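**Q** If you read the sequences in order, they're chains A and B.
Take the first sequence: its letters are residues 1 to 356, numbered as in the numbering used here.
Take the second sequence: its letters are residues 1001 to 1323, numbered as in the numbering used here.
Don't read these hints as lab results, they were simulated from the structure.
Honestly, I wouldn't trust all of these hints.
Calculated lysine to any residue pairs in the SDA-like style (CA-CA distance at most 20 Å, straight line) [what the hints assert, rightly or not]:
1. A:LYS356 <-> B:ILE1266
2. A:LYS306 <-> B:PRO1123
3. A:LYS356 <-> B:ASN1275
4. A:LYS356 <-> B:PRO1123
5. A:LYS156 <-> A:LEU181
6. A:LYS356 <-> B:PRO1274
Source: prediction; values computed, not measured.
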Amino acid sequence: MRRNILLLILAMIVALSIAACGGGEEETAENTDFSFALVLPGALGDRSFSDSANRGAERAIEELGVSGTVIETAGITEHEAAMRGAIQAGNDIVLPLALDAALVLALAEEFPDQKFGAPSDVFAETLPDNFAAFQINVHESSFLAGLIAGSMTETKIVGAVVGGDAPALNQFFYGYKQGVLEVCPDCEVLVGYLGFDFENPTLGLETALGQYEQGADIVYQVAGRSGEGVLEAAAQTDNYAIGVDSNQDWIQPGHVIVSMIKRVDIATYTLIEWALNDTFQGGFNQLGMADGAAGISWDEGSTTFKDEGPADMVDKLPDVEATVAEYRANILSGDYVVCDALVDPEMTSEACAPLK
Amino acid sequence: MEGDLFTVALLSSGLRLATPIILAALGGAFCARAGVLNLALEGKMLLGAFVAIVATFYLGNTLAGIFVAVLLGGLLGYMFAFFYLKYEVNLIILALAINLLIGELTVYVMRVLFGNVGSWSDPSIQRLPDFEIPLLSSIPIVGDILSGYNFIVYFSWLACIVGYIVLFHSKFGRHIRAVGENKQAAETLGINVRRVQVSAMVIAGMLCALGGAFLSVGHLSLFTRNMSNGLGWVAVTANIFGFQHPLGVLLTGYFFGLAEAFAVRIQNVTDLPPNLIQLLPQFATLAALILVALREKANLALIRRRFRRQLARGEMQTPVAGD
């Protein structure tokens, strides 16, 4: 028993000294009294969604001089504990990334003086005053990805591998489908849903292989880590894929034509900035292509495909880029409307109805 | 489109998806026949997947990477046997401990080595090459279904056939089954029970690791956290459904692989909700287990009936072992 207590004390000393070291690194910054915690739905290293939010957090630490922690979790069972830990640590703002809405809203009610900010994907009717949420709308940028697929396909069949059949994920898919059909009305668009299995690249691989066998030559992946199997399938069958969330062009160079970018980092950074500058306000905020929060990897200057793709595909790029620029301008000016399956899950609006 | 569903591609997709299940379930069958409940298939598979890709990366050779993975899988199997035989740790607890440990350990080592914990791949890693079997591949349709995979797929079939011969037509196999049927009786007959059980567990560890290696460098060329993703548990089921028989396991493993491939492909040819279709493999598993339970119940009823009949006729004899 005594030995256990000694061990416990020792462990506490170690933990404290580690914490002290962590604090020490921030001393050079200017706003060290401000701190935030970003709670991730899983672990870092997804090369997509969570990594993007982490980039936003790192930029805030660097540019705003605040201190912050990024808390990784091992799945849904740890979310509540991680959130409570972050609240009790006295952070000025806690940022739950795509955690269960019921959980984070209950916590917001329980701790009315704590500021909360969700960088992406909180699906609720209303939000309390201490909760700000961003929704990054990707239908328009997925539409651009669809334009690219529709313009470049040789087989007139393209595919999409989607994590699950839900409005938030269909926002990607139907925007993409509309883009494909806009430039290639007689194209066929295949879709494979993965039953919300975002961590199974084998499943993504076999689903994509199935679509390539059916004649698709370009497949859009909207499936987190399962989607890495899609990129691999493109390389194995010498076809093409479109990446998602972060720039994934480099993962299978020459086989990933473009990536649809969802700038979760911008939302993360903005929330921290608001809390720091006292401009924080509860409620929903929409971000999209017009705000630069959604786009395609070519906007960021990714030339991986241009450099490594086969010549006959690369030759098409100038025309495709012109088409993308034209539609982008029309969308931003409001002349062209892209179906938003998140707002219209029943697909009844004028833009959505033909896609059903 | 309807006709496209049952294509050669579907069957070969099923064979690819079945390979890790078949290998792990065969390992499970060896253990079960030796009287050891092996629920650590999942952890051993995950270890194999991770070691194979890391070793491939450092050695620059996929075959060498797989070899290292199989060796370490055997070592883990030996550890499993060691804790079970030497310290008599409860098999279920031991298996759960191994599954949890490997799950976290792979993430930890991945972070230490490569600085991330989600997925990891490297352009230098070459996927195990597919090859055609010379004569077989020239047969139409059959050749397309049975040829054009990498060696692990072929090995999984061969291993089941060899496993069958070893288990049922060799001295070593007779010893394994004797130990499984009745440990004390086997011991009295002079069989080295410990050695038999250790061998079975080492074989299982190696087979599981090979199944895992198939995931990371045979099927894909990347590793993700918890890559085995429940396949080890599917293998446990496939083993039960296959009556712990190497050839049974080959069939049930293929059944589960095919169910998965079917669920993946059926979406484009039907209007059924995709969420329902995704449940197909799980439904198949449940149906399989119910069938096994019913068969065992029927068997018991049969034995009981036979016993009563014999009793009524007054021909009661001492039951023969293995009946």
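**Q** None of the hints should be skipped; say for each whether it holds.
**A** Comparing the hints with the structure gives:
| no. | hint | result |
| --- | --- | --- |
| 1 | A:LYS356 <-> B:ILE1266 | 19 Å, holds |
| 2 | A:LYS306 <-> B:PRO1123 | 18 Å, holds |
| 3 | A:LYS356 <-> B:ASN1275 | 17 Å, holds |
| 4 | A:LYS356 <-> B:PRO1123 | 39 Å, violated |
| 5 | A:LYS156 <-> A:LEU181 | 10 Å, holds |
| 6 | A:LYS356 <-> B:PRO1274 | 15 Å, holds |
Checked against the numbered hints above, the structure breaks only hint 4 and satisfies the rest.
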